[in-house]
Amino acid sequence: MKHKQRLNSLLSRALQLTILCCGLLLSKAYSQTFSSDIPLLQPQHLTAEYWLAKVADADQVLLSVEQINEFNRQTFLQQPEMLAIAEIPMSRSASELSAVLQKVSAPPGSARFFADGRQLGPADWAPLLQQLNPEAIQPDNPTRFGLVTQRALMRAVPSELRVFNEAMALD
Numbered sequence: 001m002k003h004k005q006r007l008n009s010l011l012s013r014a015l016q017l018t019i020l021c022c023g024l025l026l027s028k029a030y031s032q033t034f035s036s037d038i039p040l041l042q043p044q045h046l047t048a049e050y051w052l053a054k055v056a057d058a059d060q061v062l063l064s065v066e067q068i069n070e071f072n073r074q075t076f077l078q079q080p081e082m083l084a085i086a087e088i089p090m091s092r093s094a095s096e097l098s099a100v101l102q103k104v105s106a107p108p109g110s111a112r113f114f115a116d117g118r119q120l121g122p123a124d125w126a127p128l129l130q131q132l133n134p135e136a137i138q139p140d141n142p143t144r145f146g147l148v149t150q151r152a153l154m155r156a157v158p159s160e161l162r163v164f165n166e167a168m169a170l171d
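Position 111, counted from 1, in the sequence shown is what this note's numbering calls 111; the numbers after and before it change by one each time, with no gaps.
It is possible that some hints are incorrect.
[What the hints assert, rightly or not] No more than 25 Å apart at the CA atoms, straight line, and that leaves these computed lysine to any residue pairs for SDA-like:
hint, residue 1, residue 2
1, Lys54, Ser35
2, Lys103, Leu147
3, Lys103, Gln79
Worth flagging that the hints you see were computed from the coordinates, not collected in a lab.
Working from the sequences, and respecting the hints, build out all of it.
Quick look at the structure:
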């Protein structure tokens, strides 16, 4: 258990350093090409310096290490879809990866619709599920970590096609 906590701590620090370095490298380029769908958001709002300048005592410790650990523990309890980095397997077998893909990418239990109101049927789902490329799954599939640098839509299948529930929220 102690080894797992130490590994988690090291991975957390490495991730923080990576984010900081990427942020520094990207901040200048990003501010030159900045666009957002969030009203009134400006590039400076995405920098730590902007927010630190607004705080009277920016060096004040707000939470102890124990409080941060408890906050993180509660976050993981409330959001079961989150995984601690140290608990992510370093690789998955073909059957394990297939099971994950089938769970995440299965057609939903309730009806889905195209933007024009037509309901998707099995013939519509088949090519979408084929895009998962199940034939390319290897006997052993190493985990690859990445750093998100731009907001994007989460998709259950690799497709630009948008489908909607009966509420038809097209925005």
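Taking 25 Å as the top limit, are the C-alpha atoms of Lys54 and Ser35 close enough?
Holds, at roughly 23 Å.
Going straight from one Cα to the other, do Lys103 and Leu147 come out at no more than 25 Å?
holds (24 Å)
For a C-alpha distance cap of 25 Å, please report whether Lys103 and Gln79 respect it.
holds (17 Å)
When held up to the earlier numbered hints, the structure conflicts with none and fits them all.
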